[in-house]
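A.B. asks: Got chain A; can you put chain B on it based on the hints?
First to last, the protein sequences are chains A and B. Mapping the first sequence onto the numbering used here, position 11 (from 1) lands on 11, and the numbers just tick up by one. Mapping the second sequence onto the numbering used here, position 271 (from 1) lands on 271, and the numbers just tick up by one.
Because the hints were derived from the structure by calculation, they are not lab data. These numbers were taken from a predicted model, which means no experiment stands behind them. Where hints are given, some of them may not hold.
Part of the chain A face toward chain B, derived, beta carbon under 10 Å [to be verified]:
(1) T20
(2) L21
(3) I24
(4) G25
Derived CB-CB ranges, DEER-like [what the hints assert, rightly or not]:
(5) B:S139 with A:I30: 27 to 33 Å
(6) A:L32 with B:R146: 33 to 39 Å
(7) B:R108 with A:G19: 57 to 63 Å
(8) B:S317 with A:P43: 44 to 50 Å
(9) B:L176 with A:T68: 41 to 47 Å
(10) A:G19 with B:V322: 53 to 59 Å
Positions of the beta carbon are idealized from the N, C-alpha and C atoms, including for glycine.
Spelled out, the chains give:
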Amino acid sequence: MNTTPRPGADTRTHAGSQGTLTTIGLCLAIALLEVLAIQYVSPLLSEVVPFLALLVMLCVRPWGIFGTPEEIERV
Amino acid sequence: MALLNTPVRRAWFGVFVVGALAVPFVGNALVVDLLCRTGLAVIGAQALNLLTGYTGLVSLGHAGLMAAGAFASGILTAELGAPFWIALPAAPLVGGLLGFLVGIPSLRLKGVYLALSTLALHFVILYVAAEYQSARGFSTGLLIPRPTLGPLTIAGGRAWYYTLLVLAAATTLFCLNLVRTRAGRAWMAIRDRDIAAATTGINVTRYKLMAFVVSSAITAFGGSLYGYYAGFVSVEAFSFFTAIEYIAMITIGGLGSILGSILGAAFVTLLPYGVDAMINVLPVGERVQSQLFAVKFGAFGLLMALFLVLEPRGLVSIWSRVRTYFDLWPFRYHPLGE
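This is chain B alone, in the form it adopts within the complex:
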């Protein structure tokens, strides 16, 4: 209740919940699919935000960790016939273990060196996965059957939408509460200045490793869900571009902000479809139509650059500016001072 401490907040939260629950009854299949993808992106973005936004450790290896989670679940299901309730929790376990390994370089390295070491780990994980895929004869990828939990089978857009909505909300709540605890505050202290954090008695080693383990576990969980959602796991789905996309999400949304991660995840996921819709509406020439893929990449890069230049604190700072405006209206500043 501390998170929803005013009646207005509670009311808006109620509106949001009702709206989110009503979407599948209103929107068509495409809308539901897009929102499912957004939900998956929210889980990944929250995980990366814990590490990069709150602890200040840059990771380019999160696509690799997603692949690890997806492959852990995929191998358990497709090869060993493990049920859903074993295969899904296995992903965060594998992710946490890998996160521990990935985190070890972070104890010695900083900044660009750490980015390089996580980049290297991304390629190593994907290499192992590709080697496995070709050795076992899954040339295009592993097929994953629909997840079944007791009498329930998650199939169809609507069921997936509610599953992912609950899981994304749970992840968000987990992260929101985590950054309010001792660990979260320690992470922020390390981000701001690690030497100062160490002098105030924070065990920098322990908390950095913890950030890596927690973030990687959630990322692998998200990757596993992605595999289940697509019904299919292959290395092509976790290219280096995916890692960049997640970095873009938390940067565009606003580093070190839970709300920012959600906004950024939605923005980056929906952007290509927005560009699609815009090109269909606008009277652009055939030339642009035929280069749609390149146009999407270009729009993504351009927006990323524009955000870094014009709005370095992300979508969340636009939101807080709007909120402040209405808070203070009709004044432009606190009339009695503060």
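Just chain A, same shape as in the assembly:
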């Protein structure tokens, strides 16, 4: 049986398989960004930092840090 995910197929099991510890690590990274923003730039910025990270991520690697390009449906 061919188990290679087709482009655009349902690949949630692959995309979400980076593991609990990695997720916790990424949460901490976002929290670190927020705290750094409060410390060095402006308290107002801290609410926006996660969204900025999201935006950069969506522009650069929409399939996520651990995903592969095949997992996202390209336009």
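C.D. replies: What follows is chain B alone, placed relative to chain A:
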């Protein structure tokens, strides 16, 4: 004239125009204020409908774009003393530019990814506005003087009502004609299936960006008018809830329908006041009275959910069903077939 192609339509349109013109002479100040708010909502809803209803691109960032338009006009008027005829057209220019930037992710992203990127842009725009507000010492917001155009000053409910009526009608006409042109048809083709649209020779990139630019420009224009109408611009007025409200308007009204946007805008704008009136009339306990704000939110959410479940095509499908009923009466179907 192609839009009003039968005598019956022309007659009903005449009735509507006369009715709309007569309202300020009949209704009290509250009615006029509510209709002004509805007019503002119609402009925003038409803009979002072009993007989400006709092109199929979900945007959660339209409150941010409204804020951008309002702040563009507000800063030009309050800080630089620019006249109305410069400050108002500046809003759609800023909106169009931002729409171009917002639209760029839409060339690569689809569905939930695009919703997330526009959501992110909403917060970024509001952050910039809040930062500006606090840096320049406008802790509560910018005050905008009454708009003056030559000898005319738009002040008072009645003047605003007619201004907004004309502008909302113009926006509606613009959108109505736009979706009948090549661009509108291209947008609908992209909404239905973008790959198929590309194979029929539609430049998907260009038309998607165009949809974003046009929609954002109109949205920013609406935001600027909102600022002028309120006489006041602040970030609090453009919360994320506003963006949800506009999504609700076009969903409740009916996605991809000009009439639906108008109905939805009126429905969502008037709903809180309807709930108010109903609570005053109905013999409900003090407990409900004291929780009025929560009750309004609850009613809004409940109605949104009910519409999605029971009437997914919105108010406009109720309207078309009623119309079909009277069209066919006394039969329930076309007796000679069609």
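A.B. asks: Against each hint, give a clear statement of whether it holds in the structure.
C.D. replies: We went through each hint and held it up to the structure:
1. Checking A:T20 against chain B: minimum C-beta separation of about 23 Å lies over 10 Å; hint violated.
2. At about 24 Å, the closest approach between the beta carbon of A:L21 and any beta carbon in chain B exceeds 10 Å, and the interface hint on this residue is violated.
3. Contact between A:I24 and chain B, as hinted, is not supported at the beta carbon level, the nearest pair being about 21 Å apart and thus beyond 10 Å.
4. Violation of the interface hint for A:G25 is found here, the shortest Cβ-Cβ separation to chain B being roughly 21 Å, above the 10 Å cut-off.
5. The hinted range of 27 to 33 Å is satisfied by B:S139 and A:I30, whose Cβ atoms lie roughly 29 Å apart.
6. Separated by about 48 Å at the C-beta atoms, A:L32 and B:R146 break the suggested range of 33 to 39 Å.
7. Taking 57 to 63 Å as the suggested C-beta distance range, the pair B:R108 and A:G19 does not conform, at roughly 27 Å.
8. The beta-carbon spacing between B:S317 and A:P43, approximately 47 Å, falls within the hinted interval of 44 to 50 Å.
9. Distance hint check for B:L176 and A:T68: the Cβ-Cβ separation is about 45 Å, which falls inside the suggested range of 41 to 47 Å.
10. Checking the proposed 53 to 59 Å range against A:G19 and B:V322 shows it holds: the Cβ atoms sit about 56 Å from each other.
Hint violations for this structure: numbers 1, 2, 3, 4, 6, 7, all remaining hints satisfied.
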